[in-house]
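Chemist: The residues making up each chain are set out below.
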Amino acid sequence: MKMKVVFLNLLLAVAMAVPASAHFQMVYTPEIAKNKGGETEVKLVFTHPYEAGHTMGMGMPEEFFMLHQKGEEGKTKKYDLKKLLKPITWTSLTNSGEAYEATLPKKICRSMGDYTLVLVPAPYYEGEEDIYIQQITKTYMNVGGLPGNWSAPAGLKTEWLPLVKPYAMWTGMTFKAQLLSGGKPVANADVEVEYMNHEPDMKKNAFKKEAKSEAPQDAFVTMGVKTDAQGYVTFTVPKAGWWGFCALGSGPDKEFKGKELSQDAVIWIKAVDM
Amino acid sequence: MKKIFTKLVVTGGLIALSATAALAHSPLCSCFDNGDGTVLCEGGFSDGSSASGVKMYVRDDSGAVVLKGAMNENSEFEFNKPAGHYTVTFDAGEGHSIEIDGSDIVE
Ligand SMILES: [Cu+2]
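Just so you know, the protein sequences line up as chains H and L, in that order. Each number in the numbering used here comes from the position in the first sequence (counting from 1) with 52 added on. Each number in the numbering used here comes from the position in the second sequence (counting from 1) with 9 added on.
Errors might be hidden in some of the hints.
Below, a list of computed lysine-lysine pairs in the DSS-like style, where the Cα atoms sit at most 30 Å apart [said to hold, decoys possible]:
#, chain 1, residue 1, chain 2, residue 2
1, H, K260, H, K135
2, H, K159, L, K77
3, H, K130, H, K228
4, H, K129, H, K278
5, H, K159, H, K236
6, H, K158, L, K90
7, H, K255, H, K236
8, H, K86, L, K64
9, H, K159, H, K95
10, H, K127, L, K64
11, L, K90, H, K159
12, L, K90, H, K127
13, H, K255, H, K135
14, H, K260, H, K236
15, L, K90, H, K129
16, H, K309, H, K209
17, H, K209, L, K64
18, H, K260, H, K127
19, H, K158, H, K309
20, L, K64, H, K159
21, L, K64, H, K88
22, H, K88, H, K217
23, L, K64, H, K228
24, H, K129, L, K77
25, L, K77, H, K127
26, L, K64, H, K129
27, H, K306, H, K264
28, L, K77, H, K278
29, H, K306, H, K135
30, H, K278, H, K255
31, H, K88, L, K77
32, H, K264, H, K129
33, H, K127, H, K256
34, H, K291, L, K77
35, H, K134, H, K158
Hints listed in this document are in silico derivations from the structure and should not be mistaken for laboratory results.
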């Protein structure tokens with residue numbers, strides 16, 4: 053009996069020692085603040101961005117679409133992008149996994165205004181925890197500096213509502229966003245924050261080997277933040293590049309195929325140096 | 010622009026504020042060659058306000074106005090592409106106009 057307890061403790065210790073990096077669904081395109089619109093390449097990758105670690109095989113997403121709006125009084129146009137998806141293999145520093153790419157035609161990306169790329173992936177089965185994970189993800193783009201619907205909710209089951217333009221961040225600015233579930237704020241939610249420490253190589257479908265920063269300890273790989281009583285998070289961006297925010301289990305769906313489902317909300321922002 | 014006008018009508022107290030907002034926002038305009046002999050220009054302001062009603066001019070090489078119009082309710086202005094070199098002016102008043110060279114307007 054005693055042996056068993058010791059053994060279990062050991063197992064737990066080993067499990068805890070596994071790098072603390074978190075799963076992040078990426079919806080990635082290199083430029084999100086464009087002077088001119090045009091054909092846009094997007095990669096969908098489910099991975100551990102700080103360490104460019106283990107990439108999970110995604111499966112065909114449930115939904116992938118884009119919301120475009122010119123001006124605050126403009127109409128929101130919705131474009132289904134799912135039909136543009138093509139499977140690719142994404143290579144991380146430790147493995148490779150099933151991912152997707154899409155080339156958005158110039159016709160739908162040439163206008164000024166805000167573009168919100170929305171991905172609702174298929175729930176991913178995480179064997180180690182025996183749960184499903186579904187990270188509903190938003191990435192923003194803007195053309196020409198004309199704002200549109202960046203501050204409006206996309207009507208997702210769970211999502212981040214930015215209070216700062218996610219595509220117009222200087223390094224050192226403070227990002228603020230509100231976490232919603234079923235359109236209502238989520239108080240005291242656990243949020244993981246990660247830096248995209250290895251630049252994606254769009255041609256090779258891989259992360260570049262070279263890292264942009266070094267974490268002094270595991271807690272810096274995936275930072276922990278909590279939403280306040282009104283569901284808000286503020287985060288001052290210390291370094292240029294991409295930052296992902298993932299609210300764990302914030303969505304209303306708690307079960308998939310008889311197993312626990314963590315329905316998360318992810319948003320990506322990009323900061324540039326002055 | 011519409012928004013500002015409404016504010017002016019509604020309360021006098023807001024005039025000063027609105028006027029500042031009008032100066033603070035910058036005009037935005039971009040045009041595309043549709044590839045079918047027409048050109049589409051779209052406009053707006055950096056604060057997200059509409060460009061509906063903004064005057065649009067198309068000028069030939071000599072600077073003469075060959076086409077005159079205004080941004081529609083979707084802040085768009087479409088016109089038949091003139092032969093030869095031309096420029097497009099988005100004219101939202103003093104300090105708020107943009108001139109685009111026809112040679113920069115591509116598909
Ligand atoms: Cu993982």
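Chemist: Does H/K95 sit within 30 Å of H/K159, going by the straight-line distance between their CA atoms?
Modeler: The hint holds at about 19 Å.
Chemist: Tell me if the straight-line CA distance from H/K306 to H/K264 falls inside 30 Å.
Modeler: 36 Å, violated
Chemist: When you check the alpha-carbon spacing of H/K158 and H/K309, does it fall within 30 Å?
Modeler: 39 Å, violated
Chemist: For the pair supplied as a hint, H/K134 and H/K158, is the alpha-carbon distance within the 30 Å limit?
Modeler: Judged against 30 Å, a Cα distance of about 16 Å means the pair holds.
Chemist: Verify the proposed pairing of H/K130 with H/K228, using a straight-line Cα cut of 30 Å.
Modeler: Cα-Cα ~25 Å, so holds.
Chemist: Is the straight-line distance between the alpha-carbon of H/K129 and that of H/K278 30 Å or less?
Modeler: Distance ~33 Å between H/K129 and H/K278 Cα, so the pair is violated.
Chemist: Run the distance test for H/K306 versus H/K135: straight-line Cα separation, threshold 30 Å.
Modeler: 28 Å, holds
Chemist: Checking one constraint from the list: CA of L/K64 to CA of H/K129, max 30 Å. Satisfied?
Modeler: It holds: about 26 Å lies between the C-alpha atoms, which stays within 30 Å.
Chemist: Against the 30 Å threshold, does the CA-CA distance of H/K260 and H/K135 hold or violate the hint?
Modeler: 29 Å, holds
Chemist: Would you check the hint for H/K260 and H/K127, treating anything up to 30 Å between C-alpha atoms as holding?
Modeler: Judged against 30 Å, a Cα distance of about 39 Å means the pair is violated.
Chemist: Holds or violated: H/K291 and L/K77, Cα atoms, limit 30 Å.
Modeler: 48 Å, violated
Chemist: Hey, H/K209 versus L/K64, does the alpha-carbon distance stay inside 30 Å?
Modeler: Given that 30 Å is the threshold and the Cα spacing comes to 43 Å, the pair is violated.
Checked against the numbered hints given earlier, this structure breaks hints 4, 5, 7, 14, 17, 18, 19, 23, 27, 28, 30, 32, 33 and 34; the rest are met.
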